[in-house]
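> Residue numbers (full-length UniProt numbering), protein chains in the order written: chain A, 1 to 425; chain B, 1 to 425.
Hints should not be assumed to be uniformly reliable.
One copy or two, it doesn't matter: identical chains are merged, so the pair holds either way.
The calculated SDA-like cross-link candidates involving lysine to any residue, where the alpha carbons are at most 20 Å apart (straight line), are [claimed, not checked]:
no.	residue 1	residue 2
1	K224	F29
2	K121	G365
3	K370	G299
4	K224	L124
5	K321	H347
6	K224	R202
7	K224	L19
8	K121	S252
9	K321	S219
10	K107	R416
11	K121	L19
12	K121	G299
13	K224	G20
14	K107	Q145
15	K370	A242
16	K55	D36
17	K370	G398
18	K224	G258
19	K224	E245
20	K370	P298
21	K55	S252
22	K121	R190
23	K224	T278
24	K224	A114
Just so you know, these hints were derived from the structure itself, not from any lab.
Protein chains: 2
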Amino acid sequence: MEVMNGSAEIICVGTELLLGDILNRNAQFLARQLADLGIPHYYQTVVGDNPVRIKRAVAIACERARLLIFTGGLGPTPDDLTHPTLAEFFDVPLVEHGAILQDIQAKFAQRGRAMPESNRKQALLPEGAEILPNPIGSAPGMIWQPRPGLIVMTFPGVPSEMQGMWQATAVPYLQQQQWVQGVLVSRTLRFWGISESALAERVASWLGQGNPTVAPYASRGEVKLRITARGTSQADAAALIAPVETELRRISGLDCYGSDDDSLASVVGEQLRSHHQTLAVAESCTGGGLGELLTTIPGSSAYFWGGIIAYDNSIKVALLKVDPDQLAQAGAVSATVAEQMALGVKHQLGTDWGLSITGIAGPHGGSPGKPVGLVYIGLATCDGQVHSRRYQFGDTRGRDWIRHVSRCSALDQLRRALLASTLSD
Amino acid sequence: MEVMNGSAEIICVGTELLLGDILNRNAQFLARQLADLGIPHYYQTVVGDNPVRIKRAVAIACERARLLIFTGGLGPTPDDLTHPTLAEFFDVPLVEHGAILQDIQAKFAQRGRAMPESNRKQALLPEGAEILPNPIGSAPGMIWQPRPGLIVMTFPGVPSEMQGMWQATAVPYLQQQQWVQGVLVSRTLRFWGISESALAERVASWLGQGNPTVAPYASRGEVKLRITARGTSQADAAALIAPVETELRRISGLDCYGSDDDSLASVVGEQLRSHHQTLAVAESCTGGGLGELLTTIPGSSAYFWGGIIAYDNSIKVALLKVDPDQLAQAGAVSATVAEQMALGVKHQLGTDWGLSITGIAGPHGGSPGKPVGLVYIGLATCDGQVHSRRYQFGDTRGRDWIRHVSRCSALDQLRRALLASTLSD
């Protein structure tokens with residue numbers, strides 16, 4: 001089999017993109033996939049639901065790419081024109097596929113409905129095209145070589161359908177056609193409590209590597225390192241990643257909290273679950289956001305019992321038993337109040353751990369001594385200790401950011417304490 | 001002055017877009033702006049930091065548009081090539097602008113730093129181009145007519161800088177050049193508790209109008225109607241919107257909760273503030289998300305005192321004083337438990353209102369009688385009443401969605417009760 005050279009072009013079809021009604025997430029997904037697969041890609045085009053303009057875009061793309069990837073325009077409405085327009089451009093007839101028709105009818109039947117006549121057009125593909133099956137939605141896509149050395153792939157505009165179809169069918173096809181040399185595997189390490197630049201400095205010698213590559217990313221206070229390896233097989237690529245991961249984890253120590261789909265909430269949850277321990281939270285400036293984050297994890301009721309949102313100071317005294325004199329003296333945003341909140345909620349809810357947040361999320365309420373972004377996080381531990389940490393998140397990134405990094409920092413503080421308690425077991 | 005006809009093309013320059021490292025939010029922003037201004041726009045192009053390919057994209061765009069809007073490639077690094085490449089394409093020299101240089105130097109001086117030599121290139125624009133000032137970042141853009149009937153605008157890739165520059169300089173310029181006929185004003189009405197299709201049906205006769213236009217949008221359970229009017233002045237356009245807004249509000253009644261930047265949390269907050277009343281929340285399946293949403297509003301401590309996250313049933317009994325027998329009999333997800341939670345938190349925190357949520361967010365824990373997506377919301381009112389409502393959100397859209405629409409539905413239930421209590425005052 002000949003090795004195909006050349007590049008890909010992403011062509012997103014949809015007037016809603018030209019109106020700015022939706023964000024073009026499909027282009028980003030496909031771009032990253034192409035980068036990961038090592039397929040060059042130099043242009044992206046967005047065009048509306050207009051057959052003349054779609055054909056112009058195809059004509060241009062054929063001149064500069066050998067793999068055209070379309071999203072959108074596969075639905076049942078008169079606006080959905082991708083397949084008929086491509087057939088017209090390459091001057092071949094549309095052919096009805098009985099298998100597609102049956103599949104669409106079966107999907108409607110499952111919901112107890114008859115297929116509307118308008119869906120019939122979704123069974124039409126240009127002659128010679130193969131079906132690119134859509135396990136979720138009604139519209140399939142296609143894989144087509146309309147002329148030698150040119151591949152056209154079409155996907156629906158719905159991101160979840162497009163992504164599933166890409167992974168299940170398009171990637172294996174490209175591998176088989178030798179567009180992809182070998183297999184690409186990546187692994188993301190996740191960090192909290194270290195800045196992107198500090199981490200990049202620590203792992204600097206790994207960032208210039210060829211295979212595997214290591215690249216840092218940062219978002220909302222979290223830093224990630226993505227390790228990507230190309231190998232002849234899944235196992236081969238994984239074997240390239242393993243020693244790099246081990247070394248990066250060794251260098252970064254406790255700042256690395258997990259990998260891939262882990263989150264601080266899931267990692268802390270796993271720790272509590274394995275210790276058979278329970279947690280309660282006391283929240284002031286986050287207003288419930290810490291509890292909300294913990295309970296994003298299904299099954300979190302096994303270890304998270306609940307908490308007290310003490311937004312008003314009177315609630316800190318009444319429900320969390322914070323000493324009113326110390327509250328008045330030190331102020332609500334102080335180490336002593338954070339510690340009393342953590343102890344209070346642990347005691348009130350009868351859990352092993354109590355975790356508290358009190359701070360100034362802004363934009364108002366700051367003072368020279370206690371500026372916006374000042375946050376104390378308190379932790380009452382399972383062995384009866386209590387301590388707190390002071391954070392200064394600054395006021396430049398706003399209230400939402402301060403509240404989010406506060407709750408993540410609280411989880412991170414608990415994570416490190418749970419690790420320490422494991423080590424001392 | 002001649003009225004310019006023709007269409008715009010958005011050209012986003014940046015290899016990071018081709019690698020999928022960033023989402024193309026600039027294209028969406030500009031697309032919506034062009035739609036709002038009534039400027040036709042048929043193609044968007046993304047191209048990497050490569051002068052040959054940028055020139056190819058410009059050549060194509062010149063054939064099909066008369067207003068080329070560039071984002072990206074204005075920074076100080078060797079990768080930033082938009083201005084020199086455009087100068088080369090249109091065959092004019094680059095000219096250094098002393099005013100830009102001084103502005104960049106002043107911005108560095110403010111931070112106590114000297115301008116690095118690499119920033120000097122940002123002061124170079126093609127001969128004949130006007131400066132498009134950047135009040136935030138170092139890189140200015142330009143407005144240029146390289147040939148009669150063709151306008152080129154360039155913006156940095158940083159969305160906040162691009163958006164500010166677009167609004168402050170580009171829009172007035174386009175108005176002055178008569179690309180925009182008059183002024184465009186839009187107003188968004190916000191709805192909760194009605195589906196997009198039901199609302200569209202109720203306001204059907206307004207959806208086909210010309211000026212103002214009315215368009216429905218839906219996201220995460222919320223429905224919006226955007227009214228957009230074109231007028232000769234701000235006041236003229238606003239005068240066109242006012243009667244349509246009044247009529248849409250009349251038709252939709254209480255389902256319309258606000259407009260523009262309002263949120264359910266801000267509207268409920270304003271109601272409580274004007275009543276001088278206070279609120280506490282009791283949360284089970286949302287785990288703190290309702291409190292989190294309420295406290296996104298700065299100053300919410302004036303009316304939101306706090307709450308109890310009763311994720312575990314023992315907390316419902318211990319802290320919210322839910323009757324353990326009734327809890328065992330009716331189950332945690334029931335009308336009676338929702339009502340006792342609302343009453344309990346109101347009593348424990350001493351507030352005027354108590355609002356509660358108990359439900360099955362899934363993906364596990366459902367049963368035939370109590371499926372995933374079943375949620376009860378309880379409300380203890382300021383006049384000593386308590387009632388609850390049963391919601392069935394279904395299991396198809398997942399845990400996060402169920403939790404989000406639950407907390408919004410709780411705020412909406414409170415909003416309607418506050419409205420009723422105002423009417424009965």
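> Look at each hint and say if it fits the structure.
Quick rundown of the hints versus the structure:
{"no.": "1", "hint": "K224 with F29", "in the structure": "within (18 Å within a copy, 28 Å between copies)"}
{"no.": "2", "hint": "K121 with G365", "in the structure": "neither (61 Å within a copy, 41 Å between copies)"}
{"no.": "3", "hint": "K370 with G299", "in the structure": "between (38 Å within a copy, 17 Å between copies)"}
{"no.": "4", "hint": "K224 with L124", "in the structure": "neither (44 Å within a copy, 36 Å between copies)"}
{"no.": "5", "hint": "K321 with H347", "in the structure": "both (10 Å within a copy, 17 Å between copies)"}
{"no.": "6", "hint": "K224 with R202", "in the structure": "within (13 Å within a copy, 48 Å between copies)"}
{"no.": "7", "hint": "K224 with L19", "in the structure": "between (34 Å within a copy, 16 Å between copies)"}
{"no.": "8", "hint": "K121 with S252", "in the structure": "neither (56 Å within a copy, 37 Å between copies)"}
{"no.": "9", "hint": "K321 with S219", "in the structure": "neither (37 Å within a copy, 41 Å between copies)"}
{"no.": "10", "hint": "K107 with R416", "in the structure": "neither (49 Å within a copy, 39 Å between copies)"}
{"no.": "11", "hint": "K121 with L19", "in the structure": "neither (26 Å within a copy, 35 Å between copies)"}
{"no.": "12", "hint": "K121 with G299", "in the structure": "neither (44 Å within a copy, 55 Å between copies)"}
{"no.": "13", "hint": "K224 with G20", "in the structure": "between (30 Å within a copy, 16 Å between copies)"}
{"no.": "14", "hint": "K107 with Q145", "in the structure": "neither (29 Å within a copy, 55 Å between copies)"}
{"no.": "15", "hint": "K370 with A242", "in the structure": "neither (46 Å within a copy, 45 Å between copies)"}
{"no.": "16", "hint": "K55 with D36", "in the structure": "neither (29 Å within a copy, 27 Å between copies)"}
{"no.": "17", "hint": "K370 with G398", "in the structure": "within (16 Å within a copy, 41 Å between copies)"}
{"no.": "18", "hint": "K224 with G258", "in the structure": "within (10 Å within a copy, 39 Å between copies)"}
{"no.": "19", "hint": "K224 with E245", "in the structure": "within (12 Å within a copy, 47 Å between copies)"}
{"no.": "20", "hint": "K370 with P298", "in the structure": "between (37 Å within a copy, 17 Å between copies)"}
{"no.": "21", "hint": "K55 with S252", "in the structure": "neither (52 Å within a copy, 43 Å between copies)"}
{"no.": "22", "hint": "K121 with R190", "in the structure": "neither (46 Å within a copy, 36 Å between copies)"}
{"no.": "23", "hint": "K224 with T278", "in the structure": "neither (29 Å within a copy, 42 Å between copies)"}
{"no.": "24", "hint": "K224 with A114", "in the structure": "neither (48 Å within a copy, 31 Å between copies)"}
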